[in-house]
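Asks: These protein sequence lines map, in sequence, to chains A and B.
Every letter in the first sequence is one number past the one before it in this note's numbering, and letter 287, counting from 1, is 287.
Every letter in the second sequence is one number past the one before it in this note's numbering, and letter 107, counting from 1, is 107.
Mixed in with the good hints, there may be bad ones.
Claimed, not checked - Taking lysine-lysine and the BS3-like style, the derived pairs with C-alpha atoms no more than 30 Å apart in a straight line are:
#  : chain 1 : residue 1 : chain 2 : residue 2
1  : A       : LYS9      : B       : LYS33
2  : A       : LYS296    : B       : LYS45
3  : A       : LYS9      : A       : LYS124
4  : B       : LYS33     : A       : LYS326
5  : A       : LYS11     : B       : LYS33
6  : A       : LYS326    : B       : LYS45
7  : A       : LYS326    : A       : LYS286
8  : A       : LYS83     : A       : LYS366
9  : B       : LYS104    : A       : LYS22
10 : A       : LYS22     : B       : LYS11
11 : A       : LYS296    : B       : LYS112
12 : A       : LYS22     : B       : LYS112
13 : A       : LYS296    : A       : LYS364
14 : A       : LYS17     : B       : LYS11
15 : B       : LYS102    : B       : LYS112
16 : B       : LYS2      : A       : LYS17
17 : A       : LYS172    : A       : LYS267
18 : A       : LYS286    : A       : LYS172
19 : A       : LYS296    : B       : LYS104
20 : B       : LYS33     : A       : LYS296
FYI, nobody ran anything at the bench for these hints, they're computed from the structure.
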Amino acid sequence: MNFISPLKKTKLNQVHKQLGAKMAEFAGWEMPIEYSGIIQEHLAVRNSAGLFDISHMGEITIRGPESLELLQDVTCNDVSRLKDGQVQYSALLFANGTFVDDILVHQLSSGYYFICVNASNTDKDFKWICEHNHFDAEVKDVSDQYTQLAIQGPHACKILQTIVNIDLTSVKYYWCQRGKVDGVESLISRTGYTGEDGFEIYFPPEFSAQIWTHLLERGAGEDLLPAGLGARNTLRLEAKMALYGHEISEEITPWEADLAWIVKLEKGDFIGRTTLVQQQQHGINKKLVGFEMEGKGIAREGHAVFIDGQPVGRVTSGGPAPYLRKNLGLAYVPITHALVGTSLEIQIRANLVRARIVETPFYKRKKSRRTVS
Amino acid sequence: MKFPEDCLYTKQHEWVKVKGDTATVGITDYAQKELGDVVFVELPKVGDTFDTNEPFGNVESVKAVSEVFCPVAGEVLEVNQDLVSSPEWVNTDPYGDAWFVKLKVTDPEEFKELFNSEEYEEYVAEESAE
């Protein structure tokens, strides 16, 4: 008897395999990790464009007269600031202020919200929102109804423009619009997880192969490459974007994760607010920092971090940064030492290797790129 | 995928080229493909001695860290310092420029325990079918 549940597959599973992708398990899904190589895919996103299948991500809709009130209660950012078509990075928090998940809230229209959540947390998030739905609002897990692709990089806008019926230059960063992609009704959002300009598009799964293939064809002259979760991870690390289960978890609050900018205490009560106020008054003990290796070695998740010979924490994410050509990492260190310039040592196998806390994000795209189309 | 006939192979995907009682060691084409882009190689020092199957170095790709095991017991005669500064050779020339170490072998009888090229190719086919 076999108790292991089979891996979920996106509609593009066979397409990835035909492209020669190396497949592996991620969050219960069989996903493409790399096609031509992580470094090449990473550089394509920084210099031209990359196309990602991220259909493992979950989607939840919230509709109804009191959907704003429900979202104001279960998220820490201020949803009332959103206009129709605007997108907001936010989080669901437990009463103790730690992360249920980090999410993207899209206000499609007044009383209609579309939430993108982490694959591994979709069920948990859906239950959490439903449990706290004491409002006139309907919560639906619509994950099965969408394929999600991300096209990211300085050429992304130009490539996607050839296949959509809306003017993408009118969609600003962190805004979304409904439109047709290759003739298919889609949600087109100028968001991403790479630190580059780009779009995330959501559409019915039956059109997956068609849209994926057409985008790759349209992008061939623009150096668009299919890119896997391997490059997605190195790109988000360079841009210092948090990954659930690594930088943020059920044991970390937004203050500690350096995500104070997504907490709007002044918006009124929400789940987790009381604890966050207390933690703000008492101060936090540890904080997320970014570091750069100075000695020879690559910091990896789980490696111990030392300051002045004392173990102070662990690396939450670490690895080579293909564009910056440095070995980088993120770690929680005592707040007293969370200062740029502080020397660290990372235990890599038997050796303590020198590192230094540096400014983050490690990589920031040039602003002019945002409007390139 | 390449399986040169002038090499012997291990289950952990190292190759060995034998010349008298010295053995040149590296990792196979299959191993580099599994690892992906190699970005870091850590090698032992000349004079270090290793038992059979003892880890003697590390190879790191963007995603993963792997130990490299000593195919036969011996003493390190030479290490490929150029590989340390150009770890990408593991991907581009696994059986040539990307050799890791040369060993003085303690007991040449041990070579009999290793796969020849045909046996290794079968072994890889079985392993990748799983």
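Asks: If a hint holds in the structure, say so; if it doesn't, say that too.
Replies: For each hint, the structure was consulted:
A distance of roughly 23 Å separates the Cα atoms of LYS9/A and LYS33/B; the hinted pair therefore holds under the 30 Å criterion. Distance restraint check for LYS296/A and LYS45/B: the Cα-Cα separation of roughly 16 Å lies within the 30 Å cut-off, and the hinted pair is therefore satisfied. Of the pairs offered as hints, the one joining LYS9/A and LYS124/A holds, with about 20 Å between alpha carbons and a cut-off of 30 Å not exceeded. The suggested pairing of LYS33/B with LYS326/A holds, with an alpha-carbon distance near 23 Å, which does not exceed 30 Å.
For the suggested pair LYS11/A and LYS33/B, the alpha carbons sit about 26 Å apart, so the restraint of at most 30 Å is met. Only pairs whose Cα atoms come within 30 Å are accepted, and LYS326/A paired with LYS45/B is accepted, the gap being roughly 25 Å. Restraint check for LYS326/A and LYS286/A: the C-alpha separation of about 25 Å stays at or below 30 Å, so the hint holds. Restraint check: the Cα-Cα separation between LYS83/A and LYS366/A comes to about 26 Å, which is no more than 30 Å; the hinted pair holds.
Among the hinted pairs, LYS104/B with LYS22/A is inconsistent with the structure: their alpha-carbon atoms are about 37 Å apart, more than 30 Å. Simply put, LYS22/A and LYS11/B have alpha-carbon atoms about 21 Å apart, close enough for the 30 Å limit, and the pair holds. Using a Cα cut-off of 30 Å, the hinted pair LYS296/A and LYS112/B is violated, with the two alpha carbons roughly 37 Å apart. Between LYS22/A and LYS112/B the CA atoms are separated by roughly 34 Å; this puts the pair beyond 30 Å, and the hint is violated.
Restraint check for LYS296/A and LYS364/A: satisfied, since their Cα atoms lie roughly 25 Å apart, inside the 30 Å limit. Distance check on the hinted pair: LYS17/A and LYS11/B sit about 26 Å apart at the alpha-carbon level, within 30 Å; holds. In summary, the hint linking LYS102/B to LYS112/B is supported, as the alpha carbons are separated by about 18 Å, within the 30 Å threshold. Proposed proximity of LYS2/B and LYS17/A is supported: the alpha carbons are some 21 Å apart, at most 30 Å.
Among the hinted pairs, LYS172/A with LYS267/A is consistent with the structure: their alpha-carbon atoms are about 25 Å apart, no more than 30 Å. Proposed proximity of LYS286/A and LYS172/A is contradicted: the alpha carbons are some 35 Å apart, above 30 Å. For the given pair, LYS296/A sits about 28 Å from LYS104/B by alpha-carbon distance, which is consistent with the 30 Å threshold. The hinted pair formed by LYS33/B and LYS296/A meets the criterion: a straight-line CA distance of about 24 Å does not exceed 30 Å.
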